[in-house]
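**Q** Bring the two chains, given one by one in their own frames, into a single complex with the hints.
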Amino acid sequence: MLKHFRPALIFLLIFTVLTGVVYPALVTGLAQLLFPNQANGSLMASANGNSTGSRFIGQPFTGPGYFWGRPSATGPFPYNAGASSGSNLGQTNPALLDAVKARVAALQAADPDNKAAVPVDLVTASGSGLDPHISPAAAAYQLKRVAQARHLSAEKLRELVAEHTEPRQWGMFGEPRVNVLMLNLALDALH
Amino acid sequence: MTSNSFFQVGLYVVTLLVLAKPLGWYMARVYEGEPVGLSRILAPLEGLIYRLAGVDLKHEMRWTDYAIAMLVFNLLGFLALFALQCLQAGLPLNPQNLPAVSPDSSFNTAVSFATNTNWQAYSGEVTMSYLTQMLGLTVQNFVSAAAGMATLVALIRGFTRRKADIIGNFWVDMTRSTLYILMPLSLVLALVLVGQGVVQTLKPYQSVPLLEAVSYEQAKLGADGVALQDANGKPVMEAVQTTQQVIAMGPAASQVAIKQLGTNGGGFFNVNSAHPLENPTPLSNFLEMLAILLIPAALCHTFGVMVGDTRQGWAILAAMTLVLVALILVEVPAEQSGNPALSALGVDQSANKAQSGGNTEGKETRFGITNSAVWAVVTTAASNGSVNAMHDSFTPIGGLVPMWLMQLGEVIFGGVGSGLYGMIMFAIVAVFVSGLMIGRTPEYLGKKIEAFEMKMAAITILIPPLMVLGGSAVAVMVDVGKAAVFNPGAHGFSEILYAFSSAGNNNGSAFGGLSANTPFYNVMLGIAMLFSRYWLAVPVLAIAGSLAAKKVIPFGPGTLPTHTPLFVMLLIGTVLMVGALTFIPALALGPVVEQLHLLGVGPAKG
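Quick note, the sequences are listed as chains S and Z, same order.
Start counting the first sequence at 12; every next residue gets the next number (the numbering used here).
Start counting the second sequence at 153; every next residue gets the next number (the numbering used here).
Bear in mind the hints are in silico, worked out from the structure with no lab data behind them.
Please note that the accuracy of each hint is not assured.
Unchecked claim - Simulated crosslink set (DSSO-like; lysine-lysine; CA at most 30 Å straight-line):
#	chain 1	residue 1	chain 2	residue 2
1	S	Lys14	Z	Lys315
2	Z	Lys505	S	Lys155
3	S	Lys167	S	Lys155
4	S	Lys155	S	Lys126
5	Z	Lys702	Z	Lys607
6	Z	Lys315	Z	Lys607
7	Z	Lys703	Z	Lys210
8	Z	Lys634	S	Lys112
9	Z	Lys505	S	Lys167
10	S	Lys112	S	Lys155
11	Z	Lys600	Z	Lys173
12	S	Lys14	Z	Lys702
13	Z	Lys315	Z	Lys210
14	S	Lys126	Z	Lys505
15	Z	Lys702	Z	Lys600
16	S	Lys112	Z	Lys505
17	Z	Lys386	Z	Lys634
18	S	Lys126	S	Lys167
19	S	Lys112	Z	Lys386
20	Z	Lys173	Z	Lys210
21	S	Lys14	Z	Lys210
Computed from a predicted structure; not experimentally measured.
So here's chain Z without its partners, still in its complex pose (with noise of 0.2 Å):
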């Protein structure tokens, strides 16, 4: 790593943690129901908002009828999506009269949004028409996010309250997730984004001259408008030559504000946050990247000023950077060291002043090797999954370290909301382990950590692995699933590896070689992200539930502390260990063989 690139980290890192605590304690005032700044303008909207809806701010509900408002919720949004891409040929806004989306396609992408997942098997600029992105993909990536909030927020009352059997109302903690954080923090950051160069606008695509005309090949159409053969059944080709560009245009910054805010991570358009529209600078480059990880680490402050004890919240934050500063420094490197096979041919990857050097394909040369590697990082720790830089092209230690972080279970910050109850999660089965090793009740927060808790904390902890160990195991079994694979050997594996890890975890990036827009990737990966967040949700609400219902016990001489760095280090132990156990017998199959491949071990070299 160059003195640069500890520089850029540093910042970043250092940056994060700054606005971590502002944010959280303003987030805390929101759900709080106290006033804030914005309240002028906003409670007003917010209080019509109830009145149409004919919702009572004051009720309070269960943890099962949170549970069932937040899935009928989603369930809507869903099919909303769902038609939407169906039906929008004869739709408005459609400026390059995109067809109708295929039913599977559309149901993977309208899962995909809605489980905030964003995966996307499509390329958004010849898939999706500025409808879809607007009044479609746009409200996922707010409503799914704030979704995950209101979740979060639900359980931190279960530690707060006591002898309580009310959790707080999913609209209410859903609407002013929306009204007071996401969407102003969005409004801010997309003008900001259009500012650097960003598009933002209802015209259609542009077109402009070439400097220099362009020849190519393409498959020669009948006037039928079939693609003709010659008598061997190849395609018939024709040379063509063009002088224009048609650069894809559209309402990209909206979205890609709340695609970062929300740790959604839907590109606009195909290649994500690598495409010069989407992020045009250095500077849009270190604001959405900022953007991502900023509300989970502000999340960690709200838990903690919630709960009554700011140390408890710094704490998880403490383990959550801890994990991401040791993985970046892992994968800069990683990305840095370039490919050996490619120095035999007389290439120059050393970084200097003059490039940046390392392994470059599929990067962009404004990010280079740091911006590019620390964005991977960053993406997968929390489950943000847009990328700034081709992750199926990065060194296979490079590949790695994002697989593993999904694998995690989406904790090291993790979604919005949902990172931290996973890590929370993680927490009450700390605090189980090291009760069983010190023979003493487990508590977490005052609250005794008893078998339903457990339970529900082992389900949310081992869906996940089931759905990506199962589904890859299913994937490279059936013909379907190996002919979407586009590199060779084991880098082919990382690929359904990567997929499936990127689903069942709700990240959304991928290796984007595996050809997923098939029936069968788009089925099986909808089902790992449905399994994924509602099999988490539920059983962390139901938790809250018990948790209300508990009283509080007074911290004493044998209660573990959950503040102290034992405890910092205790709960990374957890998370890794699990993490670890459950996946490197998969992980040495894919980018461990792989790397010695690349280091000339073994039979590799075609």
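Pulled out of the complex, with its shape left as it was, chain S reads as follows (with noise of 0.2 Å):
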């Protein structure tokens, strides 16, 4: 066993430099050089330059005005990007019915004439807590409130809501998706 002690040591330490500190280092070089904004966050800026978020990254809404995202399961407060979770709930969790009517009750009291079933991506948590898109069958179901609040036509505003849709990428992988806080920050330019 000792004649095996020298190299192990020897080997840890060599690995140690090499996949610890050469790898990373030369993969954040390289990203910082090749994809500098998507290395730190795909952090957007608005047109006087002040940041406005990440484009990966939801933000809790729950405005009229605004488009609603995923419920988020993180703590203390939804969409806390500093402590990422999910709910964790079972399918067959008293709990998760309790949150899926209150979210419903939520989304029909805000919005009282739309009697559609609600899309279920908009009453149940995402796996990150921080998803940052909706189906575009949960904005078509907001759309609505959401024209009435800010007195736009339904129509100017579905097209927004299609500007911001996302398909498939590369028209096979994923699901179709609405980009929530880019579609929010597009609405307030409106004005």
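**A** Here's what the structure looks like:
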């Protein structure tokens, strides 16, 4: 055993330097050179240079004039991007049903005339608690409410939503989706 | 399943199988010491490493030396990672000033990463400094994978050598795995992932303004920093408003790449690959998922090339692929079917052009049902354990499939190296069983399988179930075990069973509701991980040594061919039979009962 101790120690040191220092430093250097925006969190900025959040990190919205995103299970407040978390509620847990019930009620209270069934992603918490997207169905469900609150024509708003709807990547990967923060930023920019 | 579902699944499986051949061939050349394209750059570095360590490239080891070298190397790696976590508060590259990790959590995490399990009882972004992530976790991501690959290569040499007492040099096999295979692939994958939006920076966490301020309640702290309590002993809450969002950052891409390629699975952030900055787009998701099974699939071909009969490798790959695809076809519809109780609340769970529908609790919109369900199968078929959706919130059947895949012993692809050596153990059992049936001495690849090999193979197959069922049994009998459960009823038992299935097979995924960061679970699961890694690797090396010493028997009329569809079925049958007989009673108490409750049978709903 002792004869293996010395090589073991030296190999651990060598690989700590190679894979723990050289490799991450190389990736960091190349990443900052080739993709500086993505490597630093894909932050967006307004025309006057102020930061407006990350295109990949959702934000909480509760006002009737904004599109709402996925419910978030992060604590102590939703969309806490410093502590990602899902709800981990099981499908037979009564707490899950209670939470969904409350979310359906909140959506209906904000838009009493809307009798449509609620798209499921709008009332279930995302995996990360930071999901930046909702389904196109969830955007369509909220369209009338936002249009009313903003005194916009539904037609015009539908166009704006369509502009912010991403299809499947390369036409095949993943699911179609709407980036909620970017859509809401565009809404604010209309005025 | 929608037609797009079938398309995405098909594209994934075909891409994986297409890539297996060239990579498998490349790895065989690397392990046989033949020159490859990268040799021009890496050979001088490789030579320098051996000189520094005083290792002779040509000096091969007996199986006992090989095993001891691996164990000593792993022990030192464990100690280094343990120390790094305990000391991180005083070390550099800790921009968020994170405190030292507790000793029991450090023990659990150090074991977890050294054994290629990457079970995580901690939340990455609130626990680990950048230094710990890079110098500790990333390093073990590489070397634990390399140690698994080295063990496999030693076993393969056991089949190819005749009347030999040496099976290779552990240091050489490990160095080549890291330098020629894991590092180049990781570098390329990491950069592509950054291009898609995975962060890679040493800057501290970034603060950005919220478009709409958010109000919430938090416990009020006294002047001494301790939460205040009212007369009834309840915490005093205060209303707070925040207009800022702090976004966790870090050198994530470099770790995410190797976490997938090395079947490690430890997330940089708490929610692993569900985190938008760890897996931002459907393309990054496809590539990460491909990386999970890439090396385990390709190693099957490496095996075929090295034993001089590529059909042997394809037969094993076929067995793995058939089980994988069959379980994907169970998993996706299970998650797509959603939760009947939600439909009653006026929720639309149907799949259509505008939404993926199904059970979206704990899933990300960009991945939808298909990519979350396929990932769950892939990550537990391999001993990867990274997640892109919260398995705890899956439907009962959707949770049963990943749990059972782990319980099969992580041999359906499994870990890099460890998956294939585990599958070869089952192949040995399969030829032994068929040998009994036809009354011939069992042989595999020209080597006689005798009592010693069977005993060792039996150990490797029996240790994980012992850890899983024994550990779960202890946990449900003690209060500290039960107190950690989050969801009520049968699902709570599933959380415990899942945790021990994961640790006891070196997978690392979790039903995350279980509060596993307690001294009880940190120690119990740590022990399960240690046994399941080394009580498998050492017997495998013992078989390698024993086989290498035997002569090769020529293929005769009485030999069972091990490359035919018949053998593929026999191998699948052996794996499924052992997995089913061992675990059906436990699964019946967890996910099966829960599925009946979900469908409204029995005294559920509260």
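**Q** Each hint should be assessed against the structure and marked as holding or not.
**A** These are the hints, each one checked on the structure:
no.: 1; hint: S:Lys14 / Z:Lys315; verdict: 26 Å, holds
no.: 2; hint: Z:Lys505 / S:Lys155; verdict: 20 Å, holds
no.: 3; hint: S:Lys167 / S:Lys155; verdict: 11 Å, holds
no.: 4; hint: S:Lys155 / S:Lys126; verdict: 12 Å, holds
no.: 5; hint: Z:Lys702 / Z:Lys607; verdict: 17 Å, holds
no.: 6; hint: Z:Lys315 / Z:Lys607; verdict: 21 Å, holds
no.: 7; hint: Z:Lys703 / Z:Lys210; verdict: 23 Å, holds
no.: 8; hint: Z:Lys634 / S:Lys112; verdict: 29 Å, holds
no.: 9; hint: Z:Lys505 / S:Lys167; verdict: 22 Å, holds
no.: 10; hint: S:Lys112 / S:Lys155; verdict: 22 Å, holds
no.: 11; hint: Z:Lys600 / Z:Lys173; verdict: 29 Å, holds
no.: 12; hint: S:Lys14 / Z:Lys702; verdict: 28 Å, holds
no.: 13; hint: Z:Lys315 / Z:Lys210; verdict: 19 Å, holds
no.: 14; hint: S:Lys126 / Z:Lys505; verdict: 20 Å, holds
no.: 15; hint: Z:Lys702 / Z:Lys600; verdict: 8 Å, holds
no.: 16; hint: S:Lys112 / Z:Lys505; verdict: 25 Å, holds
no.: 17; hint: Z:Lys386 / Z:Lys634; verdict: 24 Å, holds
no.: 18; hint: S:Lys126 / S:Lys167; verdict: 22 Å, holds
no.: 19; hint: S:Lys112 / Z:Lys386; verdict: 27 Å, holds
no.: 20; hint: Z:Lys173 / Z:Lys210; verdict: 28 Å, holds
no.: 21; hint: S:Lys14 / Z:Lys210; verdict: 17 Å, holds
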